[in-house]
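> One line per chain: the protein sequences are A and B, in this order. Heads up: the first sequence is residues 1 to 99, going by this note's numbering. Heads up: the second sequence is residues 100 to 198, going by this note's numbering.
It is possible that part of the hints are untrue.
[Said to hold, decoys possible] Counterexamples of contact, computed for chain B against chain A with all Cβ distances above 10 Å:
1) TYR114
2) SER122
3) GLY135
4) THR136
5) ARG146
6) GLU156
7) LYS164
8) ILE171
9) GLN181
10) ARG186
11) THR196
12) ARG197
13) ALA198
[Said to hold, decoys possible] List of simulated lysine-lysine pairs, DSS-like, C-alpha gap at most 30 Å:
14) LYS164/B / LYS60/A
15) LYS167/B / LYS60/A
16) LYS43/A / LYS142/B
17) LYS43/A / LYS159/B
18) LYS164/B / LYS43/A
19) LYS159/B / LYS170/B
20) LYS170/B / LYS68/A
21) LYS164/B / LYS38/A
22) LYS142/B / LYS164/B
23) LYS167/B / LYS43/A
24) LYS159/B / LYS71/A
25) LYS71/A / LYS164/B
26) LYS142/B / LYS65/A
27) LYS71/A / LYS38/A
28) LYS170/B / LYS142/B
29) LYS19/A / LYS170/B
30) LYS68/A / LYS142/B
31) LYS43/A / LYS118/B
32) LYS137/B / LYS71/A
33) LYS170/B / LYS60/A
34) LYS170/B / LYS137/B
35) LYS159/B / LYS142/B
36) LYS170/B / LYS71/A
37) LYS38/A / LYS137/B
38) LYS118/B / LYS159/B
39) LYS43/A / LYS71/A
40) LYS159/B / LYS68/A
Since the hints were made in silico from the structure, they are not lab data. As the structure is a computational prediction, the values presented were derived from the model and not from experiment. Every residue gets a Cβ at the ideal spot worked out from N, C-alpha and C, and that includes glycine.
There are 2 protein chains.
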Amino acid sequence: MKEVYYMSKDQNTVYVGSKPAMSYVLAVITSYNSSGTKNVTLKARGRSMKTAVDVAEIVKRRFIKDLKANKITIGTEELPQQEGGTRNVSTMEIILTRA
Amino acid sequence: MKEVYYMSKDQNTVYVGSKPAMSYVLAVITSYNSSGTKNVTLKARGRSMKTAVDVAEIVKRRFIKDLKANKITIGTEELPQQEGGTRNVSTMEIILTRA
Numbered sequence: 001m002k003e004v005y006y007m008s009k010d011q012n013t014v015y016v017g018s019k020p021a022m023s024y025v026l027a028v029i030t031s032y033n034s035s036g037t038k039n040v041t042l043k044a045r046g047r048s049m050k051t052a053v054d055v056a057e058i059v060k061r062r063f064i065k066d067l068k069a070n071k072i073t074i075g076t077e078e079l080p081q082q083e084g085g086t087r088n089v090s091t092m093e094i095i096l097t098r099a
Numbered sequence: 100m101k102e103v104y105y106m107s108k109d110q111n112t113v114y115v116g117s118k119p120a121m122s123y124v125l126a127v128i129t130s131y132n133s134s135g136t137k138n139v140t141l142k143a144r145g146r147s148m149k150t151a152v153d154v155a156e157i158v159k160r161r162f163i164k165d166l167k168a169n170k171i172t173i174g175t176e177e178l179p180q181q182e183g184g185t186r187n188v189s190t191m192e193i194i195l196t197r198a
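Same shape as in the complex, but just chain A (with noise of 0.2 Å):
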């Protein structure tokens, strides 16, 4: 995930990693609050797609009803090894908007 992100007033992006669910779930909340944005980003890769589709869901069911999960897309990354050769990784983008 080494492209540039414009963070613009419209377009919110959280990044899921390894944390428990509930950060993650917090930093959207945060971002709709702080930025009064309609659309928040999950980006994901490995592992952590799963975590991804958790928050998504947490967030609709739990505190954003008017939620939905817009726009869901895959992919593969190449990740360079140290021992030399690539590995590919998949990665996962969850678009939520609000109504």
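With chain A fixed as given, assemble chain B onto it according to the hints.
Below, chain B alone, put in the same frame as chain A:
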């Protein structure tokens, strides 16, 4: 996942569990080859969601180049617990469509 699925020529479903991704890759390819269908659906929940994304990406990149992960939906299922109460588990469905 206790719904009833109607298997028809156009709708094949592969349930992704805890086996290695390649087992499910094989199931998807077999499904396409044996039925001549255009759509194969991957269903997974919890940790297996990572495997489902891996399977979709491997089939697309290595085996069937004209494949698209056409529609991805996520949801939550309530699993009854032995000790009473329920536990929520995230679910995912990836519809693979061949051009």
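> Tell me, which hint numbers fail for this structure?
5, 6, 8, 14, 21, 37
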